[in-house]
Each structure stands twice: as structure tokens, then as C-alpha cells.
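Make the full structure from the sequences, and use the hints.
Going down the list, the protein sequences come from chains A and B. So in the numbering used here, spot 327 of the first sequence is number 327, and the numbers just go up one at a time. So in the numbering used here, spot 372 of the second sequence is number 372, and the numbers just go up one at a time.
Check before you lean on any hint, since a few could be wrong.
Restricting the straight-line Cα-Cα distance to at most 16 Å, the calculated cross-link-like pairs of lysine to aspartate or glutamate (EDC-like) are [as the list claims (entries may be wrong)]:
#1 A:K237 with B:E195
#2 A:K619 with A:E565
#3 B:K226 with A:E192
#4 B:K237 with A:D333
#5 A:K239 with B:E192
#6 A:K239 with B:D54
#7 A:K308 with A:D291
#8 B:K239 with A:D53
#9 A:K237 with B:D53
#10 B:K239 with A:E192
#11 B:K237 with A:E195
#12 B:K91 with A:D436
#13 A:K616 with A:E565
#14 A:K642 with A:D631
#15 B:K275 with B:E264
#16 A:K225 with B:D184
#17 B:K308 with B:D118
#18 A:K237 with B:E192
#19 B:K237 with A:E192
#20 A:K616 with A:D633
#21 B:K239 with A:D241
#22 B:K433 with B:D413
#23 A:K237 with B:D54
#24 B:K225 with A:D184
#25 B:K144 with B:D306
#26 A:K613 with A:E565
#27 A:K239 with B:D53
#28 A:K384 with A:D241
#29 A:K226 with B:D184
#30 B:K237 with A:D54
#31 A:K91 with B:D436
From the structure, some residues in chain B lie toward chain A, with a derived Cβ separation under 10 Å [as the list claims (entries may be wrong)]:
#32 D54
#33 Y92
#34 D184
#35 K239
#36 D473
#37 K613
#38 K616
Just so you know, these hints were derived from the structure itself, not from any lab. Since this is a predicted model, take the numbers as computed values, not measurements. Where a beta carbon is used, it is the ideal one built from N, C-alpha and C, also for glycine.
Protein chains: 2
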Amino acid sequence: MKKSRTKLQMKLKLHLIKKSQTIGLAIVSLCLFSMATVAQETHVLKFDTSIADDATFAVWQALQAVNQEQLSKITFEKGIYNFYPDRAAEKYCYISNHDDALTHIAFPLNNANGLTLDGQGSTFIFHGVIIPFLIENSQHINIKNLTVDWAMSFHSEGRVVANNATQKTFDLRISPQYPYEIRDGQLYFIKEYYEHDMNQAIMYNPEKHCIAYDTDKMTPLSLQKKGSTQFHVEDIKYKYDIHHLNTLHRNQNQQFCMTAEQLEPGLVRFHNTKKQVPTVGLQLICKGSQDKNRVCPAIKCADCNDVKVNNVTIHHAGGMGFLAENCANITLDHYRVLTSQGRMVSTTADATHFVGCRGNVNLLYCDLENQLDDAMNVHGTYEKIINCLDNYSVGSQMGHFQQQGFCLAQPGDTIGLIRLSNSFFPYNKLTVKTVDFVNGHYNRIVFNEPLPDELQPGDLLENLSAYPHVTVDHCTIKHNRARGLLISTPKGATITNNYFETEMEPILMPVESSSWFESGNAADVLIRHNIFQDGTIAGKKRGVIRLVTDDNNRNIAFKNIEVSENTFNRQDAMLLEINNVDGFLFKNNVINTSTNYKPMFPNAPAIVIHASKNVKFEKNKYNGIAKTLLDVDPTMGKLKFK
Amino acid sequence: MKKSRTKLQMKLKLHLIKKSQTIGLAIVSLCLFSMATVAQETHVLKFDTSIADDATFAVWQALQAVNQEQLSKITFEKGIYNFYPDRAAEKYCYISNHDDALTHIAFPLNNANGLTLDGQGSTFIFHGVIIPFLIENSQHINIKNLTVDWAMSFHSEGRVVANNATQKTFDLRISPQYPYEIRDGQLYFIKEYYEHDMNQAIMYNPEKHCIAYDTDKMTPLSLQKKGSTQFHVEDIKYKYDIHHLNTLHRNQNQQFCMTAEQLEPGLVRFHNTKKQVPTVGLQLICKGSQDKNRVCPAIKCADCNDVKVNNVTIHHAGGMGFLAENCANITLDHYRVLTSQGRMVSTTADATHFVGCRGNVNLLYCDLENQLDDAMNVHGTYEKIINCLDNYSVGSQMGHFQQQGFCLAQPGDTIGLIRLSNSFFPYNKLTVKTVDFVNGHYNRIVFNEPLPDELQPGDLLENLSAYPHVTVDHCTIKHNRARGLLISTPKGATITNNYFETEMEPILMPVESSSWFESGNAADVLIRHNIFQDGTIAGKKRGVIRLVTDDNNRNIAFKNIEVSENTFNRQDAMLLEINNVDGFLFKNNVINTSTNYKPMFPNAPAIVIHASKNVKFEKNKYNGIAKTLLDVDPTMGKLKFK
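Written out as C-alpha cells, the structure is:
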């Protein structure tokens, strides 16, 4: 026994060094007792490749042994390190825009202050359901020089090798990289510690390594249909509104209609497709049901200030690449989301996502490619007032099941009271005394001021203090599903010198209040010197830059938007959708025709303008395919494209 | 708006009274601010029936507003109160012998000291997945005079109205009390906030209101079989042992074989049964898959001292009635687990369960009936040593997936090091410095003493400090599935004046190390003045009182057991199974023949004795059916039944 214990101590070797000492001189084996003697010092943790087989417990033990507030640096000798859930920290995590779950965490960082984590060029390989970096309540954090990947992906891929439009079948060739089983007629891809079904599928073009043209005709696959037999289920009356998309309710009164049949090992025929059968030669990508497939963002920061991520590559994540909740001042510089291991797909959700953030959010020199959702999404959260509890407090509820557990505000924040049917802007404002967590769906919010008389249940709460200024500069955004930039902030955005080539619209600025309840609008936006290549190729009739609301009214939502000196290489007619804007300048832009794809909506107007004012066009060059340039809401008077 | 707010305040009305004042004089509306002014007082919370529609948020808000350490009493005006999860506290709960889950809690009590909760005869009706009472880190707690029930049960029932042994079908008549749906050929019972499938089924005899004779021939139903198609799944190699019974793995490589077909609303035919088709006239009970059906014990206490439950009736729970983890000194007096609403079943798991408890555990004048598992289960937990981390600490792992998150010991506790192949008793002992939670499956345990040289990974850890003395007196235990008393404690047990009528053995004292890893043995046990009626009716060949181990060796596990002055009204031959005992006295007992059931194993010996010593029989009267009275291990020499 002694022998194996000594071996383990060797494997756990890491270096604990006072900052004032020369690195490498003082080598201390990890030990709770020896750590305690230097608790008031500034610490450096150095890990070497002796722990590469499974670095998880060594990292856990080292982080346990130090006061994280005093930890200034964590370094890894350059190498490939594996991380497993088996001996990782565990915590139930509410994760915005993800599925909340009991999950494991490789780097549980909390209350750190002034910490640099330097991978020194290392690659971290994760296995199963484990969040690489969960950073909470911390300040001045710098993560750099590392690469994140998973041994097995949270999505799966297969090549369409045959189809039969009459029989409504198609055949998929699946490589041993994506093990599967068929049970009860359904195909499940089996992973380490995880599995998923054929839900949330999309087609990729393997030659172009991007989303397939017109995939919306083929995907998603419509695995299920209504129509199971029910007996007295309708007698079950809920006292309160329930979330019909949660795991319990989304599958009730549904049954599978598409079935899978293995023709030979690695070759599976799918029967009873509802949409157009997938085209032979395309790569089918799927990641399973929406309520189960977002479990592991690569980096999540919550309640952190001044976070920098430099020279970090995320090859994969079972969710988003970088997610910040209620943080201030975040810069991602040379942050890259890129595929690996021959996969078509990088992360299975957004490359970056910012909710309730403030200060400055910057993406600089980033490559955000092949992820299965937006390159960047910046927004707040609308919560609905359910009831008034007394003269100073309300009960509020999250709108989307994947936002449960989110904390709307900090004490002192200004909350806008919104009734979207009247205005996108608040009819009144209150400041927060406390937000008291009751459960993931329901909070008590206590204000410093009495509730105004006009307040009604159903009105929305918006945290006006929690929006950032956004800068996106010198980034490449391409080959992903969904949007490029989805930005909802009234604090301004500077979008310059970027390259966009996305499946949906490259830039969307919405007021979104019907599905995800992602709050915010847009003001003081500069979009300059960008190249927009193709875009909107999957089947939706959309422009390249869109300012839209979910509410069909004439109220102003967006202000002071400038789009200038950009190049649009556009394969389709639609270019701009401008709704509910006061102040839109489109100047010095060049619109060329791209022949990379056949236009889907050649007869659409290039520019649609509705319920807006102070819209100007100056010195643009239009060489696109649209026959009609401007489609302007008649109440707005005459407008000219110049 | 003002109007509805006032109404709400009325609904939330509860009374906050300084203990010195006459109850009813000082009526204070619940309010965070006014509460703050009396935070140093001893508090009484009085709830009245104005909150009966949904008492959850009023209770939450009141408990939030007080310092629970200062709370001496909570009372409810007699009435029927509803509790819903929607506005209840929420917490991820590790619950021993249950499924860990994010759950809601109606009464989240923590750090209370000297609290009496008096229902004054009220009934609390729960809706969905919500734990009524979760009491943690508290002392001197008294819960009394209340009844717990659920609006919809976590199990379901249906009457067998036809069967066809040739076709392997049976038909179930289901009442609107148990709404269902059939999807993908499977029947799911649908509840408020919950559903379950046909797993874990058992037959009840509706006339006798107890488990059906010989149900083991018919149930469980074998819903699934092996044999789905797999492709390269075997290539997935896990670095560490995985729990094959967890939700992910238990369903892989399985598919449904039994199918459901609705013949008419409320009448469902099941095809392809594997066992004997269920007998017409019996009531089929099912509660769904083992990994999902234990989510809501009625009362859970953890890390509490001196808990009393008086005059409390539990009609139902989605799990156990009363569960104590790591508690000391618990008395259940006139605690009742009884059916309601015409159901065959009360709680879906044990009526009472005690793990890692110490001091005295007393069941006095309890009625424990119709629950779907043991009336009482008392045990510790074996954890397996996975690896040695340094000279003082080990990594340890829980053996069963439903024990994850359990904390083995407190600082100062004595831990036995066990190698069951050598002895049931420790080969060495250590005392605990800390138990550090890494994750639900894996802990770091640091000892005050260096690890002994003979320690090996695979050895078990047993907390020798965490066993109670058990008293069960004047209790009625009947009509439940499984055992009566399952007691594993070396600190002694007194079992007197009880009535037993159970499906499996009335009293089991095991060393259990192969499935649930429930530790403990038995010593100084007195079983006197009890009536054992029938028992072991479901199909298993078992005695009435059993002392058994999972390990087939001759080591002594149990010491000093006296069984005297009991009446056995026994329908079958087997009476006692005595293994690995040193000191067993069977005296002044009367064994009669019951004709309530046909004997299943009439040729079995009455008493089987193996690997035991100092066994004595004195002054018993045997009028049972066994042809052979004693079957004694030949190495033990001659023994006579007297």
C-alpha cells in the first residue's frame, strides 16, 4: 500500500510558491496542513504533466487548500490534460440559456481576486458532463493560452448516403466516432456519461464546412407528433401557469413518428420523415432535445468584474463557449471557437453570450466559427410581475424555462416597469432593495420606493442598470447556425472591421418578449468597415441587418443607428429590415452580388422600413439583385436610396 | 391594483407574537421590516385558514422573516391547507435512499432550536414534487397533530378485469383518479408536476387491502428487455467505475417489450407479459422506474438532535414517510402511516428510515400500514476506499446511486476499517478529522491518525459512532410490501408488544454489503411479546425472523439475540433463519398454524441455523406445519428444539 500511496503523491505533485520567490525553487507537495501555514501570502499554483491523465482531483485539492482571494496565478506546464467528472467538484447550477442541472466543475473558482490562469499552450480535454471553468463572485480574472476540447462531442454527425422521397426515407452513414444504439425504434447517440436523440438536427455542407443551403426544408427532423391516447389528463388543473417546454410537459401527449432501422453496422435508415428528405452528400448534425442538450458551457462567469480571456481556443462545449451572467467589463481577445477532430461543429450553442452584463463587453480579434448558435448574444432579461406582495415588493417570474434561477438585479439597480403594448421604454422606475430567491421560477423583489399605482400584474421588469457597451472589432464570424451578433443593449455598440458569413442574419437587434424574454433594445450603434458575405442561406426571408420587435406597433424601440462603409456581398435581395427606429443612417456602403448561392427570395425588396423616422441613405453603391430597393411604410412619407 | 394588494395582505395574514404575551393579543401583519425589530425575541408564528388555498408562500415568507433559532412555535388553525411547488423554496437535495433532485420544500427548517410545530388537527395537502418538512441542523424539534396527504399520488392503481394466459395479455380498469396517457406503446400515469411508467409494480388484494398472495409470480412486470442495436458503444471506456443503475445507464441497451393498448377509455390491455398473467380481481399497483420514483419523503431530518413526532398521520409520500439522516434521539409516538382516498397504498417507500443515526430511536404506538417498503429501516452506510491520498486521508465512494451525497461521519467519529472477507468487525479504527465533500459519489476523508499499513483500496469504512439503540413498542405493522423491521445496529434493539403482518419477513437483521451498502449488524436484541401474523406471502422462501449476511462465511456477525414470549400465527413452515450468530435464545414462544393462506414451502424446515454458536431453545410450543423443525449446520453439533 505504501508504494501506491507514494505514487499517488507523485501524481498530485504541484508547486506552491510564494510570489516573491523565483519560480521553481520552492517546491511543496500539496498538503492541507502545509498550505495553512502560508495562508496570508499570495499564492502561485503550478501544475505539471504528471497529472495529465486526470488532472481533476489535483486541481480540486489545490483549490481547496488555498484561499482563492490570495491566489494570483495558476500555471500548467505545456501539455494535454484530461478532466473527468468522477472526482470533480459537483454543484447544482442554474445556467442562463442552458439546462440547469447537477453538474461537475473542473475549475470551481469563487471569490478570486487578481488571478491569472495561464495554460502556457496546454490543451484541456474534458470527458462527459463537466463544466471546465465556473468563475463566480470574482474580480480581475485573466484566462489565457489554453485550448478546450471534449473527448466525445455533445452533438453527433452522419453523412446522408441515400434517400427516397417517395418512401420518405434517408440513410445515414455514421462513423465509429459517434457510437449509437437503437432502442424502441429511436436512434440515440451514446457518449461518455451522456446520450442524445435525433432532435435539433441541421444539415451541414461538408465541402464548404458550413450550414447547408436551404436546410430549413429538411430540418429539424420532426421526430415527434401529437396524438397519444389520453384518459382524464385534462382533469389535472394547475393552480399556476406551468412551463410547457420543461422536460415533464414537453413530451406529454407526444409520440415518436420517425423511426430508425439499422441496415448494417454504421448505416441507419430513417423512416417517415415529414420534411423534404435530406440531400445525399450532406452531413446531418444533431444534438438532441432542447431541454437536455445545453449542460456544459466551456467558461461561465457569474457576478464577476474585469474578466479577460486571451488566446483561448474552444473546440467544443455542450452549450456555449463563453457565458457571462451579471458581470462587468469583459474582454475576449484572440478568443477562438473552432472545430476539431474532423467535426463540422464547434460548440453546440452560442460562441459567446452575455446576460445582465454592464460596463464594457469587448470581442477583439476573435474567430467564432461553426458553433450551433449565435456568435454573440447580448441581452438583459424581462421578468413578469406575477403579484404584488405588499406596498414595496412584487413576486416576479422568469419567462423562459432556461432562464430559471437567474438573478435580475443587485441592490441599488434601477428597474424599469414596462408595458410593451404602450411603449418599449419604462412607464416608471424603481430601485432595488433586495432580490430574494424563492425558487428558480419565482423571486420576491423588494424596492426602496412604494409601488406606483399604475403597476399591474403582467407588466415586465427590466434592469436598466445591467446593460453594457459592446465592441466587436476585427472578428471573423462564419459557418455557424443562427445569427452573427444578436445585440440588445441601449448602452451602445461599435461593430467594426469584422467578417460575417452566417446561416441567419449577421446582425440582429431585437426587442424580444415572446419566447426567450431577452430584454433590451439598441441605441448609438456604429456598424462600420465590415464585410457581410452571403448570409440568410437556410431558408428564412431575412435581411442582413435587422432591427425588429416582437410587438406589432409603431412605438420607437431603437435610436441612432449608423451603418457605414461596409461591403455587402449578397446572394439574395433582402438587405435591411428597419422597424421602430428613430435615426438610421446608411452611408458609404457597397452592395455587391455574390454568386455563391442561388437567391431564395429574388423578388423581395432590398430594404424594408416600418414605423421609423429620421432614416437617411447617403453615397451607397448598390449592385445587388433586388428589383425594388425600398419598401417603406406609407405613413413615413417619401424616402430615397442614395 | 391597490385593492388586490390589500386582499393579498389579508391572505398572508399571520400572527407574530412575543412568547411572553397572551396569544392572540399582538397581531402583526407579516412584513420584513417589522420583523426586524423583534429579531431578538422568541417568536410564535400563527397561521389561520385564510391561507388555506395555497399556504406555501405565506409559510416561506414567515420563515424568511424570522431567525429560526428564536422561533419557538408554529401553529395552524385547524383546517385543510394546500401546498404547491410554484412558490415554495427550492433546493437541490441529496436524500439518502431516494433520488436526489432539485426539489421544492414547504417547510424549510434550518438551525431551529426548541421549535414546536403544531398542526392542531390540520391536514396539509401537497401538490406535486414538494417535500413537506425538510429539517436540517436543528435541535429539540416537535412536530405534532397534523396529517399529510397528496392531492394526487406518486403511485397508481388499476383493477385486473381480464387476462389471457395464452396470449400473455391482461386488461386493467383504471379510474379517473389515475389519469394516464399511452405514448409510443407505453402507459404513463400523469400527475400534477409528475408522471411515472408501469415499472415497480406489485399486486394488491383489494378485499384484504394487503399485498396479494404469490404476487412474485406476476410482478414486477418486466417492461423491458435487452437487445437494442448498438454500434461501437463498447468502445466507450470509462476511466472509473460507473453506477450502472443511474438514469443514464440503466436504460441503455434496453428496450420495451410489454406494450399497452387502450380498448376503451379507462380500459387498457397489456401485451407480452413475461411472468404469469395477473389474476382477475387483483389491484395492480405501480410507481415507475426506481431511479425516478423516490422524490418526496414526507418528513426528512438531517443532522438534527432530539426530534419528536407526535400524533402525525402520513397518508402518502413519493418516497418515505419519515427519514432521518445523521440524527440523534428521535421518537415517533402515535405516528401513523395509513392509506386515504380509497387507495391501497400509503407511502411509496419505507414508513420510517434511519441512516447514520445515534442515541435512541423510538417507535411507540405507531401504525405503519400499506406502504410500499419496510415499516422501519435502521442502518449505517459502508463506503468503499477508492484510493489513499496521503498518509492521513483516503478517497471514498458510496456504493449505491441512491446514497450519493450522504455524509459518512462528523469530526471525532470513530471509523471502522472493514474487510468483510475476513470479518464483519473492523480490523482497525481511525477517528475523523474532516469529511470533505468532493461530489455525490466521492469524498475525501481525513483522519487524525496515520492510515494503517494493512489498509487497501476496496476495504470498507463504517462509522462505528453512528448507530442508535432502537425501541419499537406497541406498533402495528401490516399490509406493506417488503419487511417489517430491517434493523442493522450493534447498539441494541428492543422490539416489544407489536403486531406484524407483512409481505416479506417481519424482522430482518442483516449485514448488507452487496446492493444498498447499508452497514451494521445486530447485538443485544430483545424481541418479546409480539404477534407475528402470517408473513412472507409474496413468494420468497423466508423465515419470520432472519439474521443473514451477504457474505457466505462462518464469521460471527450478530450477538446476544433473545426472542421470547411471542406468538407466531404462521401459515408457512419457515420460522427462523439464524446465521453467523453468537448467542441466540428462543424461549416461551408459541407457534400456531394460520389458515389464512396456503403454505408455499410446506416442506421447508422451521428453523435453519448456520455458522452460529450458543443457540438455545426453551419452553416453546410448536403447533406449526413444518415436518422438520431444525436444520442445523453439521459443524455446530447437536441442537434440540424445546
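Here is how each hint holds up against the structure:
| no. | hint | result |
| --- | --- | --- |
| 1 | A:K237 with B:E195 | holds, 15 Å |
| 2 | A:K619 with A:E565 | holds, 10 Å |
| 3 | B:K226 with A:E192 | violated, 20 Å |
| 4 | B:K237 with A:D333 | violated, 37 Å |
| 5 | A:K239 with B:E192 | holds, 10 Å |
| 6 | A:K239 with B:D54 | holds, 9 Å |
| 7 | A:K308 with A:D291 | violated, 31 Å |
| 8 | B:K239 with A:D53 | holds, 10 Å |
| 9 | A:K237 with B:D53 | holds, 14 Å |
| 10 | B:K239 with A:E192 | holds, 10 Å |
| 11 | B:K237 with A:E195 | holds, 15 Å |
| 12 | B:K91 with A:D436 | holds, 14 Å |
| 13 | A:K616 with A:E565 | holds, 14 Å |
| 14 | A:K642 with A:D631 | holds, 14 Å |
| 15 | B:K275 with B:E264 | violated, 25 Å |
| 16 | A:K225 with B:D184 | holds, 11 Å |
| 17 | B:K308 with B:D118 | holds, 12 Å |
| 18 | A:K237 with B:E192 | holds, 8 Å |
| 19 | B:K237 with A:E192 | holds, 8 Å |
| 20 | A:K616 with A:D633 | holds, 15 Å |
| 21 | B:K239 with A:D241 | violated, 44 Å |
| 22 | B:K433 with B:D413 | holds, 8 Å |
| 23 | A:K237 with B:D54 | holds, 14 Å |
| 24 | B:K225 with A:D184 | holds, 11 Å |
| 25 | B:K144 with B:D306 | holds, 14 Å |
| 26 | A:K613 with A:E565 | violated, 22 Å |
| 27 | A:K239 with B:D53 | holds, 10 Å |
| 28 | A:K384 with A:D241 | holds, 12 Å |
| 29 | A:K226 with B:D184 | holds, 11 Å |
| 30 | B:K237 with A:D54 | holds, 14 Å |
| 31 | A:K91 with B:D436 | holds, 14 Å |
| 32 | D54 | holds, 6 Å |
| 33 | Y92 | holds, 3 Å |
| 34 | D184 | holds, 5 Å |
| 35 | K239 | holds, 6 Å |
| 36 | D473 | violated, 41 Å |
| 37 | K613 | violated, 34 Å |
| 38 | K616 | violated, 43 Å |
Going through the hint list in order, the structure does not satisfy hints 3, 4, 7, 15, 21, 26, 36, 37, 38.
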